[in-house]
Every structure is written in C-alpha cells, then in structure tokens.
Amino acid sequence: MAAGGANGEALRVEHVAKRFGGVTALRDVNLRLNRGEVLGLIGDNGAGKSTLIKIICGFHQPDAGKIFVGGEEVVLKSVDHARTLGIDTVYQDLALVNELSVYHNMFLNRELVRWPLLSNRRMRRLAQEHLEDMGVNIPSVDDEVAKLSGGQRQAIAVARSVYSDARILLLDEPLAAMGAKEGALILDLVRDLKDRGEVSIIIIAHNYGQILEVCDRINLLQHGSITFDKASSQTSVQELTDLVVAEYRAARTSRLRPDPSSNARPTPRA
Amino acid sequence: MSDTVEVAERVEPAPAGRPSRSILRRIGEAFLRRREASVLVVAVALGVYFASASEAFLTQPNLVNIAQATAPAAIIAAGMVLVLVCGEIDLSVAAVFALAPFNMHYLTDYYGVPILLAIVLALAISALIGFINGFITVVFRVPSFVTTLGTAYIVIGIVLTTSHAYPAPIPEAATETIRTWFGASDYAHLTWCLLIVASFHVLLTSTRWGLHTIAVGGNPLGATEAGIRAGRIKIGNFMMVATLGGFAGILDAFRINTIDPNLGGGFGIMFTAVSAAVIGGTSLAGGSGTVIGAFLGALVLAELQNGMNLIGISANPYFLILGAAIVVSMIANVYLSRLRRAGRV
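Protein chains in written order, with my numbering: chain A, 1 to 270; chain B, 1001 to 1345.
Just chain B, with the same shape it has in the complex (with noise of 0.2 Å):
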C-alpha cells in the first residue's frame, strides 16, 4: 500500500501533491467540525443503499413520497430546533398541526371567511396557542414539557369535540389554485419545506434572534445577565413552531384531500420532528442545534420509512431503527461534542 503512494507521488510533480492533499485535509476537518456533515453521510448512504436494493426507490412518484414524508416533519423541526436550542420543548406542535386545518375549514365554511383569510387567521389561532405556551412556561415558570403536555391534551380536545371526531373535507372555496399551492401539487411541499428551512436555518446562525436564542439556551443567567430578555426570546420561538405546525398541517390536510382529526397522530409529528432535530445534532440540553441537521434528520426518516416499505421489509422494525438512530446519534453527538470543545477537530 504505502509504495504504489510513493510511487504515486514520485512520478506527481512534488509541489502539486501536497498543497491538494492539505486542501483535502482540511475539507474534512470542516466537514467534521459541521454537525450536519455525520446526518448528511447517513442520509446519502441509506439513499445509495435502498436505490441499489430497489429499483423503484429513485423514480420520480417515490422521491415524491419521500419529498411529502419528510417535509411537515422538517418544516415542523425547523421551528422545534429553534425551541430546543433556547432549552425548551413543545409537545403540542402535533395538535396544533391538527388544528389549523379544521379552523381554517371552520372558518370558511360557517363563518365565510375567504379562504386565504381563513389560512392566515388559522395561522395566526396557532401562533396564540405558542404564545399561551410560552407565556405560562416563562410567567409561571413551568417546565414547557409540563406546559405543553396539557396545552396538547387540550387542542386535541378541542379537535375532537368540535369535529365530533369525523373527518371534514377541504373546503369548497379553496380554488385550484389554492389547492396546489397549499400541498395538492408534487412540489408544494418540497418548496415550501426548503423555504421555510432555508429561512430558520438564517434565522438561526446569522441574526440577533437566532444568537440570542443560542444564548439562552446555553447559559440562561449570564444571557439574562448581558441584558438579553430570555422570556421573549422564548415566547417568540415557541409561537414560531406552532405557526410552522398549523402551517404543516394545512399543507397535510390539502395534500391528502380531506381534514382528519387524527392529522398528525396526536403526538406523532412531533416526536418525529423530535427526532429529527436529535438525529440531526440537536441537543436537548439547550444551546446547539441546527435546522438543516434537522432537515436532514426528517429525511433520513423518511428514507428509511419508505425504503423499507419499498425492499418488502414489514413497518414494524422502523421502530427499532428509529430508536435506535436516536441513542446514536445522540451519543455521537455528546462524543463530537466533546472532541471539537478538546480542540481535537
């Protein structure tokens, strides 16, 4: 091995050799020191895997399936991530995605309202049911896993006795146009799903919110010390994921043609997007995290949901693949951490 290297290098022009190979060297030290560079291999090498094991995983229908699965998970986690990182938990993100499109169909419906209207004020009911959230966990000083829990089992109250627990279809007012915007089409879900990560993604590395956020999270006294309003800072993140939440569930809702009360599967979406944000390097603990990890973590979900429906494995493993990338990845997390704090990456 070691003498077709110096063969190699012997015949190579000797100053050409060594500058590409530092230049390598350090592509992978950045790649390492990115947390999304562990989740991105992950997600490229189960891609790889299932398009060598099955014919069907890469043809357009299916990478639309796999688009329409990862997206209200990514969407949902972009909002999370930013939750997590100022160390807090929002458990009610799935029954407010079950929510939103009931009151949008709601208020169309018995009310009027235009449709368009009717998406923005259900929007905007989500969005009070963050600040209800964060206002109680900040004023009242509950764990937001306790907040939130009970905010959770009260939405999906909501949804149930006012829905009667029945399905309710799409509103007829939403023209086509409407429809495809909102999910019915392939891509809107895609689109959507990158414009919103693309946006949080910023939100969260390159402004004020965004480092604040950080802040909070990672040294909640000496923020508040240098001045930062944590309370606000942390309202405002938990009103941010149950917009993205109601939002993600408007675009399910069109997606598969009909309002479900069981949209969202209670908690379902939320621990998915959970733990894509986890699977993504998103610490629980408060202070790090990134959307695009996140991003990348609803996709290796997705990936593995569909591939192995697609190779004939059962659904039921999914379970155990799933639990166990989260352990993983979790300890690969607090162990490159650590690495990266040594200065050894």
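This is chain A alone, in the form it adopts within the complex (with noise of 0.2 Å):
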C-alpha cells in the first residue's frame, strides 16, 4: 500500500482531465481528501464540480490523470465498481423514487429478497432502525417518498448512502432548494457523520456560509482546476465570495476586450 494510507487518507485525485468533445470540463485537478474529513467543494456553474464528482464516483472515466482510493490507485470502471469500493454519490436529484415507499427507497438495487418475494418486514424494520440511528425523523418508512419534504428527502438518500456503508459520500449540492430549516437538517446530519468519522465527506455547494460551519477545508475549483485550498477556519465567506466573483469579473472584462489572438472561445462549461 501506497504511503498515502497509513496518515489517513481517504481518497486522491491526481492530475485528472477530461474533455467532452471540443469542450474542456477538467484541465487538471489535484484533490485529497483525508479519512473522516469534510470537503467543501466550490466554484461557479461550468467550473467543473459535477464533472469531477462523476469521475470521482464511476460514471465518467477521465481522459488523464491518476485516482488513489485509501492510497492505491484504482481505475473506476463504473459506477457500481466506485461503489464496491465504498464511494457512494447522493445527486442532486436524489434518484429516489417518488411512487415508492421511503423504505423501498432505502434498498432500491439492494433489496433484501428471500427469492422469489421480498422482505419487506426486514427491510422496513432495518430502514426505520437506521433512520432512527441516524436521527432522522420522518413520519413512517412506509409513507411514499413523494410525501416528504425536501430536506427529509435528501435525509433518506444521505441514510441510504450511508447505511450501504459508503466510506466516501459525494455530496452533490445537497443545500440547493432547501429552506433554512431543512439545510439546517442536512447540516446536522453532515455533522452526526463527522462527529462518528467514519465517512469521508465531499460536499459541493453554493452557499459559503453553511458550508464554513460544516466542512473542515475549502477547495476552489476554477476553469477545470483547484486554484484554492484552504482549511475552513483560515478562510471567511467575503474571501470565497471576493474569488468567485473576481473570476465573474476577469471573465467579463476579457469578454469585453476581444482578444485578437483567441478565436473568442467562451470559458468551457461543463
């Protein structure tokens, strides 16, 4: 084993790139992650971050560049193969299923089966167990998921997650469309899970505030690399903000000002 595992860490990218046809998504990222940390991943929309959670967790293959889990590199071939070895995504979109009950959610592609039939009675007292373990509160698993509410959705799938014994948790903008008190849930959660240490946690958002008070590092990522990486408590939200907007800005005057030399390619967007 690599030197990497024995002072913790979790996972690392080295030098990945990809492109999608003529567009550059990732030019060359360089990321660690340490075991049992939370990594607040920011940047504007285009810069990257979706791209290069889909390469961190199977679905996309990278064009270039290394990726180190637990200090041995490894090729991800799939998403089911990230899985195996304990990366587990929550998207955006959750990829709950509405018209299913919330422990039926909880086992989607894992259901316990006494073949032929389901088990439900298993499967339903398991899912409450870990709901309550986790404390997350929710009227009954037995409720269709399209009852509950944002956050308590983004709860069940971080349970979900979880209790699939994932050692690395993509996050992807599990804050977005959330009220202040369901974020506030989320955080909590993101909280209980570090307190426990036994995931490692990337976490990609858009409101710095929420993300200072949860996660312990700050990486940037900027045109398709890590310009910034700085540990929460060495950095404010008027430092993330002046970055972010400092690039709207140099990218605006540049637009401005035609460049001669350049064929007016925009900033690449993933």
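Careful: at least some of the hints might be erroneous.
To be verified - Label pairs and their computed distance ranges (CB to CB):
no.: 1; chain 1: B; residue 1: Phe1271; chain 2: A; residue 2: Leu117; range: 43 to 51 Å
no.: 2; chain 1: A; residue 1: Leu112; chain 2: B; residue 2: Phe1145; range: 30 to 38 Å
no.: 3; chain 1: B; residue 1: Leu1128; chain 2: A; residue 2: Asp143; range: 56 to 64 Å
no.: 4; chain 1: B; residue 1: Phe1140; chain 2: A; residue 2: Lys77; range: 22 to 30 Å
no.: 5; chain 1: A; residue 1: Phe228; chain 2: B; residue 2: Arg1141; range: 18 to 26 Å
no.: 6; chain 1: A; residue 1: Asp195; chain 2: B; residue 2: Arg1229; range: 49 to 57 Å
no.: 7; chain 1: B; residue 1: Ile1158; chain 2: A; residue 2: Ala64; range: 50 to 58 Å
no.: 8; chain 1: B; residue 1: Val1142; chain 2: A; residue 2: Lys77; range: 26 to 34 Å
no.: 9; chain 1: B; residue 1: Leu1195; chain 2: A; residue 2: Asp133; range: 38 to 46 Å
Rather than coming from a laboratory, the hints here were simulated on the basis of the structure. Using N, Cα and C, we set each Cβ at its ideal position, and we do this for glycine too.
Reconstruct the complex from the two isolated chains, following the hints.
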C-alpha cells in the first residue's frame, strides 16, 4: 500500500483531465480528501464540479490522471465498481423514486430478498432502525417518498448511502433549493457523520456560510482545476465570495475586450 | 337524523361503539388508499345493475361469456401494466395475439412439430417479438409508441401474407385434452386469467423485478443512478407482454375453434387491454399501476358490453361509454393520487 494510506488519506485525485468533444471540463485537478474529513467543493456554475464528482463516483472515466482510494491507485470502471470501493454519491436529484415507500427507496437496488419475494418486513425494520439511529425523523417508513419534504428526502438519500457502507460520500449540492430549516437538518446530519468519523465527505455547495460551518477544508474549482485550498478556519465567506466574483469579473472584462489571438472560445462549461 | 344516532349510542354500551366506528373508518381509508377500490366499486355496481335489469345476466352461460370476454384483455393487460409502469407502451401485442395461433398451426401442420412443443415455440416467437420491441426501444432510443407501431404493422403483415388472409382450422394434432386446457372449455379462460393476474400482481408488488419496474418508470435517471439496469427491465417487460399476448391469442383460437387472421382486430384487443389498465388506475406516465386494477378494468369493459347487449341497448353507444370511462377514470386517478400525496387519504 502506498504511503498515503497510512496517514489517513481517503481519496486522492492527481492530474485528472476530462474533455467532452471540444469542451475541456477538467484541465488538471489535484484533490485530496482525508479520512473522516468534510471537504467543501465550491466554484462557479460550469467550473467542472459535477464532472469531477461524476469521475470520482465512476460515472465518467477521466481522459488523464490517477485516482487513489485509501492510498491505492484505482481505475473506476463504473458506478457499481466505485460503490464496491465504498464511494457513493447523493445526486442533486437524489435518485429517489416518488412512487415507492421510504424503506423501498432505502434499499433500492440492494433489496433484501427471500427468493423470489422481497423481505419487506426486514427491510422495513432495518430502515426504521437506521433512520432512527441517524436521527432522521420521518412520519413513517411506509409513506411514499413523494409525501416528504425536500429536507427529509435529502436525509433519506444520505442515510441510504451511509447504510450501504459508503466510506467516501459525495454530496452534490445537498443544500440547493432547501429552506433554512431543512438545510439545517442536512448540516446536522453531516456533522453527526463527521463526529462518528467513519465517513469522508465531499460537499458541493454554493452557500459559503453553510459550507464553512460544516466543512473542515474548502477547495475552489476554477476553469477545470483547483485554484484554492484552505482550512475552513483560515478563510471566510468574504474571501470565498471575492474569489468567485473576481473570476466572474475577469471573465467579463476579457469578454468585453476582444482578444485578437483567440477565436473567442468562451469559458468551458461542463 | 342526528337524534337517532345519539339514541343508538346511548342504548348501546359506549366502549363497543367507538372502536367499531374507528375500524370502519380505517377500513374506509385503507379502501380509498387502494387504487383498485374505485374500479371494484364500479365493477360490482355494474354487476348489480345489469343483474337487476336482465335475468339472463347472472345465468351460468352468461357468466362464462363475461369470463371469456374478460380473460384475453385481462391477460394482456397484466403484462401491459408492467410495460406501462416502466414508462413504455406496446401497440404490437394485438398483432402478436393473431400471429401466435398461426405459428402453432404452421409448426404442427407444416413441420410436424408436436402440438405442445408448437405452442411453446409459438410463445417463444412471441417473446422474440417482444425482445425486438424492447431492443429497438432501449438501444436505438426509439419511443416505444413508434417502435411497436412499426412492429404491429409488420406482424399484421406477416399474418396476412402467410395465411393469405384466410382462416385456418385448429390443428388435428390438438387432442381433446389440449383443446380443453387451452381455451375450449368453459372455465379454461378464467382459470388461466386468474393464475396469470395473480402471478403478475405478485411480480409487480412483491419482487425485485416489480420494484425495479416501478423505479425505472417513476424516476428513470434515479433508477439508473442507483445501478438498476433500466434497459434489461424494459426489454424483459416487453417480452412478457408479448408472450402473454401470444398466449391469449392461442386461448382465443381454441375457444372460437378456428385460427382467424383478424383475431385481435388489428389493434383492437391491445386498446382494450390499455383501456383496462388505465381504468384500473395505471398511469401512462409510468411509475404506478396495478395488475388487479387492470383485471377489474377488463371485467368492467366486459360487463358493459355484455350487459348492454342483454338489456337491448345497441352496441354502438358502448364506445361512448368506454371513452367516457377512460377519461373519467384518468381524471379520478390523477386527482386521487394528488390527494394521496398530500396525505389526506
């Protein structure tokens, strides 16, 4: 095992690049996630955050670069493969099925079966226990997911990933479109997970205040590479905002002042 | 009104009254929550109405008629529900319905295949057509409406060309026992239909396959993200509905004792099956549906046609009522599921 494993490294990404046709989504990404750490990944829309997440979770394969899980180099072939290595993603759309009950969603594609039938009673009980254990409050695990609030749905999606023995959890904009109360519910959940120290988490978010509250470290992704890496305690909402706004201003001025050398290719959008 | 209720409560011992009422309410709520409930009410109401309007309605031969009219549509609908729930549709199943008995006939009479094996092979060919439907839909991403419209005409074309549009007799090789088992007897249709409906109900509600079918229709992206192989589910469901279509066709050929190229009416039986599914509470948008509801939907349609015939209404307004039933049940379906979501029922 490489040296990285010993000092508690959960995930390392080295020089990862990814192009989609003519668009460079990721130029050269270097990122490190320590064991038990919560890392905030910020960046403007189109900076490549989602592409990076999709590479780490095995959905896309990088054109170049290496990925290390627990210090060992891996080539992630598929989402399923990444999942066997303990990497699980909670997507923005949550991958919940409205028409199914909470407990069926908790076990989606990992159903407990006494062939040929589903072991509904066992899944129900385990889902209930696990949600209680994680402090997720919902009226009933029998309810269709459609009945639940956005925060509850997010919590269920997170609980599902944790239950499936995820060691590295990727949360893709868990706070988007969420009220203050519901956002707090998710942040509490993340904090609980951090206190347990079993899971390492990468959170993509836009709300810098909330992300600083819960993350140990912040990385900024700009134009397809990480341009900023600081502990949360050493940065502020102001600094992060300034960084992203500065990028926007720079892009705007360069667009206003046409550069004769380029064919005016816009900033890459992933 | 309220006075009598109060009196009744006072007379009866108080503790007995309350729980029984809450049990009644709970039964009522559970009933409303079940999607099949409303169509069951309609099926029973129609039965009661026609029974009171015509003495012939509840006679044994007429009940056999209703069962035989219900069964093919319900058998196809059982598979159609799965296809609809995973977000697709199969328009070609009526054509397969016509093709399967011909394949049985060709295999036994021209190739000397034993009759039982011929039936199995005819079903396998049906499944193959389902596979082609699914494959084109999944791999080439052609909407299934278009895929199966195409295969429907192709299969109808095959039936008409190979049969020269002439009916064929049931193969001599089919013994009395086989004829009895596969649809010639009074209760063969009903027995097969109930067996199939029950198994597909279990398949949809209590197996991984059913759960994944719902997931694929309810949230296609999410299901894929969860690692469910949506293509496999869809192809499998297309194969099942086509096989059921072929089977129902063979049953019907044995029942009418001839193999008719117009069996299934081109698209007719398919639309009846889709109507039955929709009336039974299956959403064309995918993600929700019930096999038992579809069975009851088929029963309602059969009752309507049979009952109207018996009380002497001409067959023409049948379509009027069928159309209205589809529209009304769809509105009710959308409205009820909204209520259910809001947690009020």
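Outcome of the hint check:
1. Phe1271/B - Leu117/A: 43 to 51 Å: Check failed, 33 Å falls outside 43 to 51 Å.
2. Leu112/A - Phe1145/B: 30 to 38 Å: For Phe1145/B against Leu112/A, whose Cβ atoms are near 36 Å apart, the range 30 to 38 Å holds.
3. Leu1128/B - Asp143/A: 56 to 64 Å: 41 Å, violated
4. Phe1140/B - Lys77/A: 22 to 30 Å: 25 Å, holds
5. Phe228/A - Arg1141/B: 18 to 26 Å: For Arg1141/B against Phe228/A, whose Cβ atoms are near 41 Å apart, the range 18 to 26 Å is violated.
6. Asp195/A - Arg1229/B: 49 to 57 Å: Check failed, 37 Å falls outside 49 to 57 Å.
7. Ile1158/B - Ala64/A: 50 to 58 Å: Check passed, 52 Å falls within 50 to 58 Å.
8. Val1142/B - Lys77/A: 26 to 34 Å: 28 Å, holds
9. Leu1195/B - Asp133/A: 38 to 46 Å: Holds: the Cβ-Cβ distance is about 43 Å, inside 38 to 46 Å.
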